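Enquirer: Residue numbers for the sequence shown follow the numbering used here, beginning at 3 and rising by one.
Just so you know, not all the hints are guaranteed correct.
[To be verified] Under the rule of at most 25 Å between Cα atoms (straight-line distance), these lysine-lysine pairs were calculated in the BS3-like manner: (1) K222 <-> K153; (2) K176 <-> K279; (3) K235 <-> K279; (4) K235 <-> K222; (5) K176 <-> K189; (6) K158 <-> K176; (7) K222 <-> K147.
[Said to hold, decoys possible] So the derived label-pair ranges between C-beta atoms look like this: (8) Q238 <-> T129: 25 to 33 Å; (9) A154 <-> Q183: 43 to 51 Å; (10) S184 <-> G282: 20 to 28 Å; (11) Q238 <-> N106: 25 to 33 Å; (12) M42 <-> Q238: 54 to 62 Å; (13) D102 <-> K222: 35 to 43 Å; (14) E273 <-> K153: 54 to 62 Å.
Hints in this document: simulated from the structure, not taken from any laboratory.
What you are looking at is a predicted structure, and each value in this text was computed from that prediction instead of being measured.
Idealized CB from N, CA, C, for every residue including glycine.
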Amino acid sequence: MPSQKFFDKNDKNSAVIVEEDILENRLKNKTQNSAIIITMVVVLVVVGIFIWLMALPPKPVEDGYQTPESLVDATPIPASSQEPAATGESVSQSMEQVGDIPRNEWYLRLVNAENPLPEDYGEQEMTAFGGGYYFDERILDDLEKMLDAAKADGVKLRIESGYRGVNRQTTRNKNEIASYQSRGYSKEDAIVLANMEEPPYRQCEHSLGLAVDLMDSGSKDTSIAFAQTEEFKWLQQYAAEYGFILRYPEDKVEITGMVYEPWHFRYVGVEQAQKIKESGLCLEEYLAQ
3 MPSQKFFDKN DKNSAVIVEE DILENRLKNK TQNSAIIITM VVVLVVVGIF
53 IWLMALPPKP VEDGYQTPES LVDATPIPAS SQEPAATGES VSQSMEQVGD
103 IPRNEWYLRL VNAENPLPED YGEQEMTAFG GGYYFDERIL DDLEKMLDAA
153 KADGVKLRIE SGYRGVNRQT TRNKNEIASY QSRGYSKEDA IVLANMEEPP
203 YRQCEHSLGL AVDLMDSGSK DTSIAFAQTE EFKWLQQYAA EYGFILRYPE
253 DKVEITGMVY EPWHFRYVGV EQAQKIKESG LCLEEYLAQ
(Lines of atoms letter the chains of each structure in order from A and count residues from 1; the text may use other names and numbers.)
(Lines give C-alpha, C1' and ligand atoms only; values in the text may rest on other atoms or scores of the structure.)
Protein backbone atom coordinates (compact mmCIF):
# COMPACT_ATOMS: atom_id res chain seq x y z
CA MET A 1 0.00 0.00 0.00
CA PRO A 2 1.42 3.42 -0.96
CA SER A 3 2.81 5.58 1.83
CA GLN A 4 0.23 8.23 2.68
CA LYS A 5 0.19 10.98 5.30
CA PHE A 6 -3.15 11.04 7.06
CA PHE A 7 -4.17 13.89 9.25
CA ASP A 8 -6.28 13.49 12.27
CA LYS A 9 -9.77 14.69 11.51
CA ASN A 10 -10.08 15.86 15.07
CA ASP A 11 -7.00 18.03 14.74
CA LYS A 12 -8.27 21.61 14.58
CA ASN A 13 -5.16 22.75 12.74
CA SER A 14 -5.68 20.42 9.79
CA ALA A 15 -8.26 18.91 7.47
CA VAL A 16 -8.65 15.30 6.48
CA ILE A 17 -6.57 15.35 3.27
CA VAL A 18 -4.66 12.70 1.42
CA GLU A 19 -1.68 14.42 -0.17
CA GLU A 20 -1.05 11.80 -2.88
CA ASP A 21 -4.69 11.82 -3.99
CA ILE A 22 -4.62 15.57 -4.33
CA LEU A 23 -1.43 15.46 -6.40
CA GLU A 24 -2.85 12.70 -8.61
CA ASN A 25 -6.12 14.56 -9.21
CA ARG A 26 -4.29 17.78 -10.00
CA LEU A 27 -2.04 15.93 -12.42
CA LYS A 28 -5.04 14.37 -14.17
CA ASN A 29 -6.81 17.70 -14.46
CA LYS A 30 -3.67 19.36 -15.79
CA THR A 31 -3.17 16.59 -18.37
CA GLN A 32 -6.81 16.82 -19.52
CA ASN A 33 -6.62 20.59 -19.81
CA SER A 34 -3.37 20.37 -21.80
CA ALA A 35 -4.90 17.84 -24.21
CA ILE A 36 -7.89 20.07 -24.80
CA ILE A 37 -5.67 23.09 -25.44
CA ILE A 38 -3.42 21.15 -27.85
CA THR A 39 -6.45 19.82 -29.74
CA MET A 40 -7.89 23.33 -30.09
CA VAL A 41 -4.56 24.69 -31.33
CA VAL A 42 -4.26 21.90 -33.95
CA VAL A 43 -7.81 22.53 -35.16
CA LEU A 44 -7.18 26.28 -35.43
CA VAL A 45 -3.92 25.69 -37.35
CA VAL A 46 -5.61 23.30 -39.81
CA VAL A 47 -8.49 25.72 -40.37
CA GLY A 48 -6.04 28.58 -40.83
CA ILE A 49 -4.02 26.66 -43.43
CA PHE A 50 -7.20 25.71 -45.31
CA ILE A 51 -8.38 29.34 -45.43
CA TRP A 52 -4.93 30.46 -46.60
CA LEU A 53 -4.86 27.88 -49.39
CA MET A 54 -8.34 28.85 -50.57
CA ALA A 55 -7.26 32.50 -50.74
CA LEU A 56 -4.30 31.77 -53.01
CA PRO A 57 -4.75 32.76 -56.69
CA PRO A 58 -5.04 29.85 -59.16
CA LYS A 59 -1.80 28.65 -60.69
CA PRO A 60 -1.54 29.92 -64.27
CA VAL A 61 -1.47 27.40 -67.08
CA GLU A 62 1.89 27.38 -68.78
CA ASP A 63 2.03 27.96 -72.49
CA GLY A 64 3.63 25.47 -74.80
CA TYR A 65 2.84 22.50 -76.95
CA GLN A 66 1.17 19.43 -75.57
CA THR A 67 2.71 16.03 -76.00
CA PRO A 68 0.98 13.70 -78.45
CA GLU A 69 -0.29 11.59 -75.54
CA SER A 70 -2.09 14.56 -74.00
CA LEU A 71 -3.43 15.67 -77.36
CA VAL A 72 -5.20 12.33 -77.68
CA ASP A 73 -7.50 13.38 -74.85
CA ALA A 74 -8.04 16.92 -76.13
CA THR A 75 -11.71 17.62 -76.78
CA PRO A 76 -13.57 20.80 -77.75
CA ILE A 77 -14.92 22.81 -74.81
CA PRO A 78 -18.75 22.79 -74.86
CA ALA A 79 -20.64 26.01 -75.38
CA SER A 80 -22.06 25.79 -71.85
CA SER A 81 -18.60 26.46 -70.45
CA GLN A 82 -18.67 30.02 -71.69
CA GLU A 83 -19.04 32.43 -68.76
CA PRO A 84 -22.01 34.83 -68.86
CA ALA A 85 -21.30 38.50 -69.27
CA ALA A 86 -21.27 40.83 -66.27
CA THR A 87 -24.40 42.59 -65.10
CA GLY A 88 -25.51 46.05 -66.13
CA GLU A 89 -24.45 47.79 -69.29
CA SER A 90 -21.97 45.07 -70.30
CA VAL A 91 -24.84 42.55 -70.49
CA SER A 92 -26.74 44.57 -73.05
CA GLN A 93 -23.55 45.12 -75.04
CA SER A 94 -22.77 41.39 -74.99
CA MET A 95 -26.33 40.48 -75.98
CA GLU A 96 -26.21 42.98 -78.81
CA GLN A 97 -22.91 41.58 -80.04
CA VAL A 98 -24.14 37.96 -79.86
CA GLY A 99 -27.38 38.88 -81.60
CA ASP A 100 -25.42 40.43 -84.46
CA ILE A 101 -23.52 37.22 -85.29
CA PRO A 102 -24.91 35.97 -88.63
CA ARG A 103 -24.36 32.30 -87.78
CA ASN A 104 -26.31 31.01 -90.76
CA GLU A 105 -24.26 32.86 -93.36
CA TRP A 106 -22.01 30.77 -95.64
CA TYR A 107 -18.84 32.56 -94.51
CA LEU A 108 -19.35 31.54 -90.86
CA ARG A 109 -20.03 27.87 -91.50
CA LEU A 110 -18.28 25.86 -88.78
CA VAL A 111 -16.52 22.66 -89.83
CA ASN A 112 -14.63 20.45 -87.37
CA ALA A 113 -14.79 16.99 -85.81
CA GLU A 114 -17.92 17.96 -83.87
CA ASN A 115 -19.53 19.64 -86.88
CA PRO A 116 -18.72 17.57 -89.99
CA LEU A 117 -20.15 18.37 -93.39
CA PRO A 118 -23.18 16.29 -94.53
CA GLU A 119 -22.67 12.74 -95.79
CA ASP A 120 -23.60 13.82 -99.30
CA TYR A 121 -21.09 16.70 -99.35
CA GLY A 122 -18.85 15.63 -102.19
CA GLU A 123 -16.54 17.29 -104.66
CA GLN A 124 -17.22 21.03 -104.96
CA GLU A 125 -16.94 23.33 -107.93
CA MET A 126 -14.39 26.04 -107.18
CA THR A 127 -12.68 28.89 -109.00
CA ALA A 128 -8.99 28.83 -109.91
CA PHE A 129 -6.76 31.52 -108.45
CA GLY A 130 -3.08 32.17 -107.86
CA GLY A 131 -1.42 29.62 -110.07
CA GLY A 132 -3.66 26.59 -109.91
CA TYR A 133 -5.22 26.85 -106.44
CA TYR A 134 -8.98 26.79 -106.04
CA PHE A 135 -11.34 28.71 -103.76
CA ASP A 136 -14.94 29.70 -103.25
CA GLU A 137 -15.36 32.48 -105.79
CA ARG A 138 -16.96 34.76 -103.18
CA ILE A 139 -13.69 35.24 -101.25
CA LEU A 140 -11.42 35.96 -104.20
CA ASP A 141 -11.77 39.76 -104.24
CA ASP A 142 -10.76 40.08 -100.59
CA LEU A 143 -8.02 37.46 -100.93
CA GLU A 144 -6.53 39.30 -103.90
CA LYS A 145 -6.73 42.65 -102.07
CA MET A 146 -4.92 41.16 -99.08
CA LEU A 147 -2.11 39.71 -101.17
CA ASP A 148 -1.73 42.98 -103.10
CA ALA A 149 -1.61 44.99 -99.84
CA ALA A 150 1.05 42.69 -98.44
CA LYS A 151 3.11 43.04 -101.60
CA ALA A 152 2.81 46.83 -101.43
CA ASP A 153 4.21 46.66 -97.88
CA GLY A 154 7.15 44.57 -99.04
CA VAL A 155 5.73 41.35 -97.61
CA LYS A 156 6.06 38.38 -99.95
CA LEU A 157 3.25 35.89 -99.31
CA ARG A 158 2.57 32.85 -101.42
CA ILE A 159 -0.38 30.46 -101.43
CA GLU A 160 0.47 26.94 -100.32
CA SER A 161 -3.02 25.40 -100.38
CA GLY A 162 -6.67 26.20 -100.98
CA TYR A 163 -9.61 23.88 -101.66
CA ARG A 164 -8.83 20.17 -101.46
CA GLY A 165 -11.06 17.60 -103.12
CA VAL A 166 -12.35 14.34 -101.64
CA ASN A 167 -9.58 12.09 -102.96
CA ARG A 168 -6.77 14.47 -102.13
CA GLN A 169 -7.84 15.12 -98.52
CA THR A 170 -8.69 11.46 -97.92
CA THR A 171 -5.20 10.48 -99.09
CA ARG A 172 -3.60 13.09 -96.84
CA ASN A 173 -5.56 11.78 -93.86
CA LYS A 174 -4.63 8.14 -94.53
CA ASN A 175 -0.95 9.02 -95.00
CA GLU A 176 -0.91 10.90 -91.70
CA ILE A 177 -2.48 7.95 -89.87
CA ALA A 178 0.11 5.59 -91.36
CA SER A 179 2.88 7.98 -90.33
CA TYR A 180 1.81 7.90 -86.69
CA GLN A 181 1.43 4.12 -86.72
CA SER A 182 4.95 3.79 -88.11
CA ARG A 183 6.14 5.71 -85.04
CA GLY A 184 4.61 3.15 -82.70
CA TYR A 185 1.18 4.61 -81.99
CA SER A 186 -1.85 2.35 -81.84
CA LYS A 187 -4.28 2.71 -84.73
CA GLU A 188 -6.84 4.38 -82.45
CA ASP A 189 -4.37 7.01 -81.22
CA ALA A 190 -2.91 7.44 -84.70
CA ILE A 191 -6.36 8.30 -86.07
CA VAL A 192 -7.00 10.87 -83.33
CA LEU A 193 -3.62 12.53 -83.79
CA ALA A 194 -3.77 12.47 -87.59
CA ASN A 195 -7.24 14.05 -87.54
CA MET A 196 -5.81 16.99 -85.62
CA GLU A 197 -3.43 17.70 -88.50
CA GLU A 198 -5.08 16.27 -91.61
CA PRO A 199 -8.76 15.65 -90.84
CA PRO A 200 -11.06 13.63 -93.11
CA TYR A 201 -12.68 15.51 -95.98
CA ARG A 202 -15.98 16.23 -94.24
CA GLN A 203 -14.19 17.55 -91.12
CA CYS A 204 -11.70 19.69 -93.00
CA GLU A 205 -12.06 23.44 -93.57
CA HIS A 206 -10.24 23.21 -96.88
CA SER A 207 -13.33 21.39 -98.15
CA LEU A 208 -15.27 24.68 -97.97
CA GLY A 209 -12.93 26.62 -100.23
CA LEU A 210 -12.80 29.35 -97.55
CA ALA A 211 -9.40 28.46 -96.11
CA VAL A 212 -6.01 29.41 -97.45
CA ASP A 213 -2.57 28.23 -96.34
CA LEU A 214 -0.08 31.08 -96.68
CA MET A 215 3.70 30.95 -96.40
CA ASP A 216 6.68 33.20 -96.98
CA SER A 217 8.39 32.98 -100.34
CA GLY A 218 11.49 31.37 -98.87
CA SER A 219 9.78 28.27 -97.49
CA LYS A 220 9.08 25.17 -99.52
CA ASP A 221 6.29 23.78 -97.34
CA THR A 222 4.11 24.72 -94.39
CA SER A 223 6.15 25.00 -91.22
CA ILE A 224 5.58 26.20 -87.69
CA ALA A 225 8.65 28.38 -88.21
CA PHE A 226 6.36 30.62 -90.27
CA ALA A 227 5.18 32.10 -86.94
CA GLN A 228 8.57 33.82 -86.59
CA THR A 229 8.48 35.54 -89.99
CA GLU A 230 7.62 39.10 -90.94
CA GLU A 231 4.94 37.69 -93.25
CA PHE A 232 3.11 36.11 -90.31
CA LYS A 233 3.39 39.29 -88.25
CA TRP A 234 1.88 41.23 -91.14
CA LEU A 235 -1.03 38.79 -91.37
CA GLN A 236 -1.62 38.99 -87.64
CA GLN A 237 -1.95 42.74 -87.93
CA TYR A 238 -3.83 43.17 -91.20
CA ALA A 239 -5.58 39.93 -92.26
CA ALA A 240 -8.81 40.82 -90.44
CA GLU A 241 -9.14 43.97 -92.55
CA TYR A 242 -9.66 41.67 -95.54
CA GLY A 243 -11.95 39.17 -93.79
CA PHE A 244 -9.42 36.53 -92.69
CA ILE A 245 -8.61 35.15 -89.23
CA LEU A 246 -5.89 32.86 -87.92
CA ARG A 247 -8.07 29.77 -87.65
CA TYR A 248 -6.04 27.50 -85.34
CA PRO A 249 -4.22 29.62 -82.71
CA GLU A 250 -1.55 28.17 -80.47
CA ASP A 251 -3.58 28.62 -77.26
CA LYS A 252 -6.83 27.15 -78.63
CA VAL A 253 -5.77 23.59 -79.50
CA GLU A 254 -8.15 21.91 -77.06
CA ILE A 255 -11.07 23.98 -78.38
CA THR A 256 -10.47 23.78 -82.12
CA GLY A 257 -9.31 20.16 -81.98
CA MET A 258 -6.51 21.08 -84.37
CA VAL A 259 -2.79 21.61 -83.83
CA TYR A 260 -1.34 25.10 -84.05
CA GLU A 261 -1.18 26.15 -87.71
CA PRO A 262 0.22 29.67 -88.11
CA TRP A 263 -0.15 29.37 -91.88
CA HIS A 264 -3.90 28.52 -91.93
CA PHE A 265 -6.21 31.51 -92.44
CA ARG A 266 -9.96 31.33 -92.82
CA TYR A 267 -12.34 33.76 -94.49
CA VAL A 268 -15.22 34.90 -92.24
CA GLY A 269 -16.08 38.25 -93.80
CA VAL A 270 -14.52 41.62 -93.02
CA GLU A 271 -16.90 42.67 -90.24
CA GLN A 272 -16.84 39.34 -88.41
CA ALA A 273 -13.07 38.94 -88.80
CA GLN A 274 -12.50 42.24 -87.03
CA LYS A 275 -14.90 41.30 -84.22
CA ILE A 276 -13.28 37.90 -83.77
CA LYS A 277 -9.81 39.47 -83.69
CA GLU A 278 -10.88 42.01 -81.07
CA SER A 279 -12.57 39.33 -78.95
CA GLY A 280 -9.49 37.11 -78.77
CA LEU A 281 -11.75 34.10 -79.35
CA CYS A 282 -11.37 31.32 -81.89
CA LEU A 283 -14.26 30.63 -84.26
CA GLU A 284 -15.72 27.86 -82.05
CA GLU A 285 -15.81 30.16 -79.02
CA TYR A 286 -17.16 33.10 -81.00
CA LEU A 287 -20.07 31.14 -82.46
CA ALA A 288 -20.80 29.47 -79.10
CA GLN A 289 -21.67 32.78 -77.41
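Enquirer: Please go over all the hints and tell whether each is borne out by the structure.
Expert: Taking the hints in turn, this is what the structure says about them:
1. K222 <-> K153: Distance ~19 Å between K222 and K153 Cα, so the pair holds.
2. K176 <-> K279: Distance of about 34 Å is beyond 25 Å: violated.
3. K235 <-> K279: holds, 14 Å
4. K235 <-> K222: Holds, at about 19 Å.
5. K176 <-> K189: Status holds; Cα separation ~11 Å.
6. K158 <-> K176: The given pair, whose Cα atoms are some 33 Å apart, is violated under the 25 Å limit.
7. K222 <-> K147: Answer holds: K222 to K147 is near 24 Å, not above 25 Å.
8. Q238 <-> T129: 25 to 33 Å: holds, 27 Å
9. A154 <-> Q183: 43 to 51 Å: holds, 46 Å
10. S184 <-> G282: 20 to 28 Å: Violated: the Cβ-Cβ distance is about 38 Å, outside 20 to 28 Å.
11. Q238 <-> N106: 25 to 33 Å: Taking Cβ atoms as reference, Q238 and N106 lie about 29 Å apart, which means the hint holds.
12. M42 <-> Q238: 54 to 62 Å: The hint (54 to 62 Å, Cβ to Cβ) holds, given that M42 and Q238 are roughly 60 Å apart.
13. D102 <-> K222: 35 to 43 Å: Roughly 42 Å apart at Cβ, these two residues keep to the hinted range, so it holds.
14. E273 <-> K153: 54 to 62 Å: With a Cβ separation near 25 Å, E273 and K153 fall outside 54 to 62 Å, so the hint is violated.
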